[in-house]
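Novice: Residue numbers (my numbering), protein chains in the order written: chain A, 1 to 312; chain B, 313 to 624.
For the record, the hints were derived by calculation from the structure and aren't laboratory data. Here the structure is a predicted model, which is why all the values come from computation and not from measurement. Just so it is clear, CB atoms sit at the ideal spot from N, CA and C, and this is done for glycine as well. Check the hints yourself; a few may be wrong.
What the hints assert, rightly or not - Listed next, the in silico DSS-like pairs over lysine-lysine satisfying Cα-Cα at most 30 angstroms (straight line):
{"#": "1", "chain 1": "A", "residue 1": "145", "chain 2": "A", "residue 2": "231"}
{"#": "2", "chain 1": "A", "residue 1": "286", "chain 2": "A", "residue 2": "231"}
{"#": "3", "chain 1": "B", "residue 1": "459", "chain 2": "B", "residue 2": "596"}
{"#": "4", "chain 1": "A", "residue 1": "42", "chain 2": "B", "residue 2": "459"}
{"#": "5", "chain 1": "B", "residue 1": "459", "chain 2": "B", "residue 2": "543"}
{"#": "6", "chain 1": "A", "residue 1": "231", "chain 2": "B", "residue 2": "596"}
What the hints assert, rightly or not - Examples of chain A residues lying across from chain B (beta carbon under 10 angstroms, computed):
{"#": "7", "residue": "78"}
{"#": "8", "residue": "80"}
{"#": "9", "residue": "248"}
What the hints assert, rightly or not - Rough simulated footprint, nothing fancy, chain B against chain A, three-plus residues with beta-carbon under 8 angstroms:
{"#": "10", "region": "6 to 12"}
{"#": "11", "region": "185 to 197"}
2 protein chains.
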Amino acid sequence: MTAADKVILVDWGASCLRAYLCRQGQQRLQILDTAVGPGVAKAERQFEAILTSVIAHWRAEYGCLPVMMSGHIGSNLGWHEAPYVYCPVSPVDVAGHSVSFSAGGHRVYVIPGVCCADDSQHLDVMRGEEIHVLGWLQLAQEHTKGKHLLCLPGTHTKWVLVEDGLIRMVKTAITGELFELLSERSVLVQQRSDEIDQQVFSMAARLTLESENGQFVHGLFGVRTLQILGKLTPWQATSYLSGLLIGSDVRAAIMAQEWQLDELDSLVLIGRRPLCELFETTMKIKNLPVVCIDDQETCISGYSAIYRAVLS
Amino acid sequence: MTAADKVILVDWGASCLRAYLCRQGQQRLQILDTAVGPGVAKAERQFEAILTSVIAHWRAEYGCLPVMMSGHIGSNLGWHEAPYVYCPVSPVDVAGHSVSFSAGGHRVYVIPGVCCADDSQHLDVMRGEEIHVLGWLQLAQEHTKGKHLLCLPGTHTKWVLVEDGLIRMVKTAITGELFELLSERSVLVQQRSDEIDQQVFSMAARLTLESENGQFVHGLFGVRTLQILGKLTPWQATSYLSGLLIGSDVRAAIMAQEWQLDELDSLVLIGRRPLCELFETTMKIKNLPVVCIDDQETCISGYSAIYRAVLS
């Protein structure tokens with residue numbers, strides 16, 4: 001492999017493709033330009049044509065730059081499958097298992113996902129989030145020592161246990177997907193509102209945080225009952241639903257048998273506002289000390305480490 | 313009111329209208345004919361036109377028979393609102409609060425739903441299920457004494473606590489609606505199968521029955537993980553999802569603070585196969601002694617009692 005001054009990063013998930021043209025900086029990569037395209041689910045397997053089209057103007061200017069990709073594109077429903085790497089594993093080693101191939105003159109590297117299957121009691125997977133975990137590890141020396149729980153909210157919340165620089169365990173909650181389905185297509189919400197009523201959100205989060213989540217499938221109907229009885233306005237219903245779901249997600253992490261929160265050296269939220277703020281609000285109800293980091297920072301930091309390991 | 317030899321019953325829910333032409337028998341009503349039509353959600357508020365069209369042939373033969381209706385049609389999204397009657401209440405008294413009006417020459421009675429709002433900790437509602445509760449009460453003298461928990465599975469599972477012939481409490485779980493959304497529109501199931509794999513169903517039901525349901529939002533992703541790791545075939549995924557959801561619903565009833573299962577005189581399932589069988593299988597994993605009754609029987613039995621009370 002040859003060192004390159006510039007590189008293209010592609011976060012190609014199920015619902016969206018995000019591409020970054022980057023230049024090698026002193027410490028890490030620097031974003032020069034960005035582009036977007038259709039996700040894997042909408043690509044109809046025209047992966048090469050889509051990629052070529054999305055990065056065409058960068059190619060015209062800089063030629064055939066190397067491309068590093070992560071996310072759903074490496075799954076068995078994607079372009080070239082990059083088989084999962086098993087926990088416990090260091091995120092740099094994950095990158096070392098990248099699958100490489102040539103497409104339209106570009107050298108393409110697909111970073112594999114991580115699989116957690118050390119016993120039959122706990123099986124789980126992630127793809128794409130390993131970049132952020134790696135990025136977070138690069139941010140401070142103390143991150144590579146001790147036990148840390150990283151929470152990455154999104155369509156699926158990924159809870160990642162990191163110990164002495166290794167990914168130990170992944171746990172997924174389909175909180176975001178449930179929220180989309182229930183707010184768009186259920187009887188619970190007639191009129192979705194994107195404005196969050198903080199008080200209503202916290203009230204609902206407290207409910208599922210405090211009660212055994214055995215009450216969860218029963219509790220959801222409360223979104224409708226409270227509207228029928230005039231205790232919740234239709235536009236507050238979305239906030240209430242969001243609170244119930246995120247409260248339930250955080251409670252499950254508090255009650256998890258796979259880790260003890262009081263044994264952790266830190267609890268970290270990685271993502272974008274306002275979603276991260278909702279998780280932060282919920283964690284603070286239980287007095288959990290949490291640090292929030294923007295996922296653009298962990299993304300670039302993670303890819304910078306991969307760039308050094310794989311391409312330099 | 314005048315006694316009538318024949319009557320039309322209409323179970324008009326959100327998704328479907330089911331009409332029955334009945335004749336007064338010695339003990340109870342007997343079904344002579346049935347008809348179906350669009351539910352309230354699809355009716356575009358053309359309620360009178362739909363009803364008249366659905367029962368047109370009965371009218372041609374027998375004239376303007378009285379019509380008794382229950383379900384979503386009596387809600388604030390329906391035709392004529394029949395305000396909820398509050399728990400604790402006897403189901404016959406619920407029928408006594410029916411709203412009556414004239415439509416196309418027919419006398420129409422809308423049976424109200426039941427609302428449970430005796431304290432701020434527990435609010436819930438049902439519409440339509442009160443007919444089945446009344447019907448079950450009619451089936452045996454001992455049903456009107458002691459404490460019984462009735463489970464009515466469907467789009468929403470209704471758990472109804474009946475004590476000494478009164479409806480004490482209603483609890484709703486949106487299990488069926490979650491199943492529809494997650495099996496049709498989520499990443500969990502790619503190819504829905506209507507054939508249940510009993511072993512896979514029971515394995516999943518056991519999981520949510522045995523673990524705190526705090527694990528529920530985390531556990532759901534298992535439907536996908538197990539397929540990725542080759543431990544579940546795509547056509548088994550539906551059974552697995554169904555097991556997780558019904559297990560979670562039953563566990564919440566077992567853990568409910570509103571009743572103690574060991575203080576009940578009976579636990580009763582009212583509904584149709586195969587859905588009731590899945591709930592029965594799940595309850596039997598926990599050795600719960602349960603009796604199953606077909607909801608057509610409770611429906612006719614309930615309406616017979618209302619017919620005697622309201623129309624005779």
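Novice: Against this structure, judge whether each hint is valid.
Specialist: Structure-based check of each hint:
{"no.": "1", "hint": "A:145 with A:231", "result": "violated (49 angstroms)"}
{"no.": "2", "hint": "A:286 with A:231", "result": "holds (25 angstroms)"}
{"no.": "3", "hint": "B:459 with B:596", "result": "holds (20 angstroms)"}
{"no.": "4", "hint": "A:42 with B:459", "result": "violated (54 angstroms)"}
{"no.": "5", "hint": "B:459 with B:543", "result": "violated (43 angstroms)"}
{"no.": "6", "hint": "A:231 with B:596", "result": "violated (38 angstroms)"}
{"no.": "7", "hint": "78", "result": "violated (13 angstroms)"}
{"no.": "8", "hint": "80", "result": "violated (17 angstroms)"}
{"no.": "9", "hint": "248", "result": "holds (5 angstroms)"}
{"no.": "10", "hint": "6 to 12", "result": "violated (count 0)"}
{"no.": "11", "hint": "185 to 197", "result": "holds (count 4)"}
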